[in-house]
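Q: Using the sequences provided together with the hints, build the complete structure.
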Amino acid sequence: MKSEAGSTLRAFLIELVVYAALVVAYFFLVLHLLGGALHDLAVHHRYIYALTAIVLIVAQAVFLEALTTFILRLLHGRSE
Amino acid sequence: MFFPISNAHISPIYLAIVGFIIGVLGGFFGVGGSFIAGPALRAVGLHWNFAVGTDLAHIVGKSIVAARRHRALGNVDLKLGLLMALGTIGGAEVGAQLIQMLKRKGHVDVAVSIVSIVVYLGISTFMIWESRKTLKRNRGKKRSKASRADASAFKPVTRTIQNLKIWPMVSLPTSGVKSISLWVIVVVSFIGGLFSGFLGGGAGYIRMPSMVYVLGIPTHLAVGTDLFEIIISASYGTFTHAIKGNVDILIALVMHTGAAIGAQIGAISTQYFAGPKIRLFFVPLPLIGAAIVIYTLLTGQRL
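Residue numbers (the numbering used here), protein chains in the order written: chain A, 17 to 96; chain B, 1131 to 1433.
No lab work stands behind these hints: they were computed from the structure. From the three backbone atoms N, C-alpha and C, an ideal C-beta is built for every residue, glycine too. Incorrect hints may appear among the rest.
[Claimed, not checked] Interface residues of chain A toward chain B, partial, derived using beta-carbon atoms under 10 Å: (1) 31; (2) 35; (3) 40.
[To be verified] Short, incomplete list of chain A residues facing chain B, as computed with Cβ under 7 Å: (4) 66; (5) 80; (6) 81; (7) 84.
A: Structure, rendered in structure tokens:
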């Protein structure tokens, strides 16, 4: 039981490190590039901006959920 | 990091950590967490209108992650969530209109503050009483693990509500409810939406307990279904706020990177606790909300 909890914690910490590295890259690559375009939309085309905002947050949610699930599966696969 | 839409400089690490904390709470309790996100965004200098709108956008993303995880655990009743979304959106509109009416009369701050303090304290007091009574009763009786997992001292009242025969009746097989009036579901979700529009945020602190006590939904399912329902109502809120220029989606996306992992941890953690325990842990959340409102009322500063 204790070793199972230990391996879960270890897998989670590794996941956190991998995830943090990917997220930092995402901050600088994607969000930095998107900033200008989204600002323009927010100022000039409010309705398109509103739709884009929802599409972006939904897409990111689906992607990050898949990513974290994939990393966890990968780590658990290796520890077995 | 500079966010051009709201013209604000905020550390992305701060945003991701705030998102993570709210994600854990949201995944575990099925709440949006606006009572923490709003003050946290205000604390770094974001204007109130952006704090409210951006928080809603981030709630959409966080709820998708947590609801997907809850769905995998069998904790989402899609039929109930869709029915509730209708009432919530209607209630949110009425709540927003009520705010406009109070604004015109000049009593909006005092009225909203008093109502929210009464509601928050009422929910906390009731949930302390109910969950402690249930836990105490479970300790004395020999019951199966399954029945103990989601017993409630409020069950007789819930049964009476379920037995109200007001046409049309619907069944919720996923939640184990054989028959319940559609009107009861609509009224519960409408009240949740009303508070959401009136007090701001997703109002999960009202909806989750009322799903358990009024509709008789098991706690784990109430958490998962509430999150699913929040996706729909918060998307609607995000859209209307974005049109009014109150959403900085870049801030929401950064917050959501932390929330995505926090929400999964919160959702998975629900497996290890029985319904009454989750309800007892829930109690401090409305109390924090009440404390924030009392602080605002006394100092005149909005957190």
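Q: All the hints need checking, so say for each whether the structure fits it.
A: Results for each hint:
The closest approach between the C-beta of residue 31(A) and any C-beta of chain B is roughly 8 Å, which is under the 10 Å cut-off, so the hint is satisfied. Below 10 Å, beta-carbon pairs count as interface contacts, and residue 35(A) has one with chain B at about 6 Å; its hint therefore holds. Residue-level restraint check for residue 40(A) holds (minimum Cβ-Cβ distance to chain B is 8 Å; threshold 10 Å). With a least beta-carbon distance of about 3 Å to chain B, the hint placing residue 66(A) at the interface is held under the 7 Å criterion.
With a cut of 7 Å, the hint placing residue 80(A) at the interface with chain B holds, because the nearest CB-to-CB distance is about 4 Å. Because the smallest distance between the Cβ of residue 81(A) and any Cβ of chain B comes to about 5 Å, under 7 Å, the interface hint for this residue holds. Because the closest C-beta pair between residue 84(A) and chain B is about 6 Å apart, less than 7 Å, the hint holds.
Of the numbered hints stated above, none is contradicted by the structure.
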